[in-house]
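**Q** Protein sequences appear in the order of chains A and B. Anchor point for the first sequence: position 267 equals 266 in numbering that gives the first Met the number 0, and the numbering is continuous, going up by one each time. Anchor point for the second sequence: position 41 equals 40 in numbering that gives the first Met the number 0, and the numbering is continuous, going up by one each time.
Quick caveat, the hints were computed from the structure, so don't treat them as lab data. Warning: the hint list may mix true and false statements.
Stated by the list, open to error - Now the stretches of chain B that chain A is said to cover, found in silico as 3 or more residues with beta-carbon under 8 Å: (1) 10 to 22; (2) 34 to 41; (3) 45 to 55; (4) 65 to 74.
The beta-carbon is built from N, C-alpha and C at its ideal position, and this holds for glycine as well.
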Amino acid sequence: MRSYSRERFDVLVVGGGPAGIAAAVRAAERGGHVGIVDENIALGGQIWRGGISVESHSSEASSWISQVKKADISVLSGKRVFHQPEPGTLMAEGLDDIWQLRYRNLVLATGARERFLPFPGWTLPNVTGAGGLQAMVKSGLPIRGKRVVVAGSGPLLFAVAAYLRKHGAEIPIVCEQASWKKLAWFSMTLVRHPVKIGQGLQLRKDLVGIPLAASSWPIMAHGQRVLEAVTILRGGKSETIKCDYLACGFHLVANTELPALVGCRIRNGYVQVNELQQTTVDKVYCAGEPTGIGGIELSLVEGEIAGLAATGHASEAQRLYPKRERFRRFARLLDNTFSLRAELRSLPSPDTVICRCEDVPCSRLREHRSWRAAKLQTRCGMGPCQGRVCGPATQFLFQWNPDSVRPPVFPARVEDLAAYGESIPEVTGEAK
Amino acid sequence: MPSEFTVVRVNGVSVSVPVGTTIAVAIAIAGQPCRTSVTGEPRGPLCGMGICFECRAVVNGIPHSRTCQLLCEPDMEVRTDA
Numbered sequence: 000m001r002s003y004s005r006e007r008f009d010v011l012v013v014g015g016g017p018a019g020i021a022a023a024v025r026a027a028e029r030g031g032h033v034g035i036v037d038e039n040i041a042l043g044g045q046i047w048r049g050g051i052s053v054e055s056h057s058s059e060a061s062s063w064i065s066q067v068k069k070a071d072i073s074v075l076s077g078k079r080v081f082h083q084p085e086p087g088t089l090m091a092e093g094l095d096d097i098w099q100l101r102y103r104n105l106v107l108a109t110g111a112r113e114r115f116l117p118f119p120g121w122t123l124p125n126v127t128g129a130g131g132l133q134a135m136v137k138s139g140l141p142i143r144g145k146r147v148v149v150a151g152s153g154p155l156l157f158a159v160a161a162y163l164r165k166h167g168a169e170i171p172i173v174c175e176q177a178s179w180k181k182l183a184w185f186s187m188t189l190v191r192h193p194v195k196i197g198q199g200l201q202l203r204k205d206l207v208g209i210p211l212a213a214s215s216w217p218i219m220a221h222g223q224r225v226l227e228a229v230t231i232l233r234g235g236k237s238e239t240i241k242c243d244y245l246a247c248g249f250h251l252v253a254n255t256e257l258p259a260l261v262g263c264r265i266r267n268g269y270v271q272v273n274e275l276q277q278t279t280v281d282k283v284y285c286a287g288e289p290t291g292i293g294g295i296e297l298s299l300v301e302g303e304i305a306g307l308a309a310t311g312h313a314s315e316a317q318r319l320y321p322k323r324e325r326f327r328r329f330a331r332l333l334d335n336t337f338s339l340r341a342e343l344r345s346l347p348s349p350d351t352v353i354c355r356c357e358d359v360p361c362s363r364l365r366e367h368r369s370w371r372a373a374k375l376q377t378r379c380g381m382g383p384c385q386g387r388v389c390g391p392a393t394q395f396l397f398q399w400n401p402d403s404v405r406p407p408v409f410p411a412r413v414e415d416l417a418a419y420g421e422s423i424p425e426v427t428g429e430a431k
Numbered sequence: 000m001p002s003e004f005t006v007v008r009v010n011g012v013s014v015s016v017p018v019g020t021t022i023a024v025a026i027a028i029a030g031q032p033c034r035t036s037v038t039g040e041p042r043g044p045l046c047g048m049g050i051c052f053e054c055r056a057v058v059n060g061i062p063h064s065r066t067c068q069l070l071c072e073p074d075m076e077v078r079t080d081a
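Full structure from sequences and hints, please.
**A** Put into structure tokens, the structure is as follows:
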């Protein structure tokens, strides 16, 4: 039997990563009933994902997570928000429970996901995201002795390569689509970001001996039922490398589906916020990656500001503006460095599957002029992931714009949708 | 190293994994893809964070369970061939 619970919050935070944690901690310090609802097994989000081995958390992560535990914060882990039946109420479902969450103030800290770009063979098992493979290893996947090609774009690639090697994987190459020129500018400019220098130096140490190719990307993955090799382009020449895994992600895209459902204005892929991290919807705040991809430090300070603002402490929040501005400069640097090169648009061949849920090939999509038309005609983006993978891909490939978000934002069970009475029309028994 | 193990069955075959392992990983250790796509391709996990739904399988009779977001529990029945 599934249980149905209700809870009311002065401040409800959706997302248990750095931004959500910081918002909840600052809000709880100011009083009122604060909750975090998060779909993962444990707090920390993707970036502070723990694992089954004990190395797990950095001291920064442990310190924030312990502050959540010490504060009087209701933590609902493993619950996914799928619906807002009316303003001020969210519905979430767990494995065998349903929650009606009412809030006075809402902080959306929904994080980011990897951007996946289609190329021939990318649907083979063992072609994964870069962060995706790291998450799998943290969840127990044995990686010792495996050969892993790491490819795509963004600082995550380096972190993942270092992590995998530390756990015994062999990394024949890291392929970054950005040019050396851009990477050089990136590392020089890091000097302005003291926190990042330390991280960069540590990473450089961890990466010693791993070949890095710039202006390089995968063009085809090979294998019968599972990945066996990958062909990469490097300096304009192709090269085929045998491997067990291809860990491939092209930087990050913001998770804006729930903010859009709640009614927040989205601009250029990001949730629009004012100085206090308030969205275009009254009493709804947004912090972290959904407002711009900027990493842990920016997420933390945005979360703190949102938590303070949501509890009416605007003047305290204002003291954090200069700090936020420093990290926003880093976010702009990331955007500029890891912007995608146009050549990647020609990666898929006509029969390459673009929508993995519905197996829609590239050739069928090229006939259409918009995301909406393609959805209606081909079912692209209509499967269980609801376009979370192919949406950002088609946006890049065909410059299609995402359309409006409809509930439920994630596939939910019919009984869960019905749990909130007003959310479904009453059946009258008369046909109209 | 985790010292305790959990046994789950993947398509009827017992797999022993350290406590804290996700079902998606148990399926990988069993050497199976997680699902077969609508045109018959084998598929395994992509995002590792519950977004892509490529890791979905039948867990204890519940279809479309995202196995990367679920931990293995004793005697779980996982089917990828349903």
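**Q** For each hint, tell me whether it holds in the structure or not.
**A** So, going through the hints one by one against the coordinates:
1. Judged by the Cβ-Cβ criterion of 8 Å, the stretch 10 to 22 of chain B is covered by chain A as claimed, because 6 of its residues qualify and three suffice.
2. Given as covered by chain A, the stretch 34 to 41 of chain B passes the check, having 5 residues with a CB less than 8 Å from a CB of that chain where 3 are the minimum.
3. Only residues whose C-beta sits within less than 8 Å of a C-beta in chain A count toward coverage, and the stretch 45 to 55 of chain B has 10 of them, enough to reach three; the restraint holds.
4. Beta-carbon proximity to chain A at under 8 Å applies to 4 residues in the stretch 65 to 74 of chain B; the threshold of 3 is reached and the given coverage holds.
In this structure, none of the earlier numbered hints is contradicted; all agree with it.
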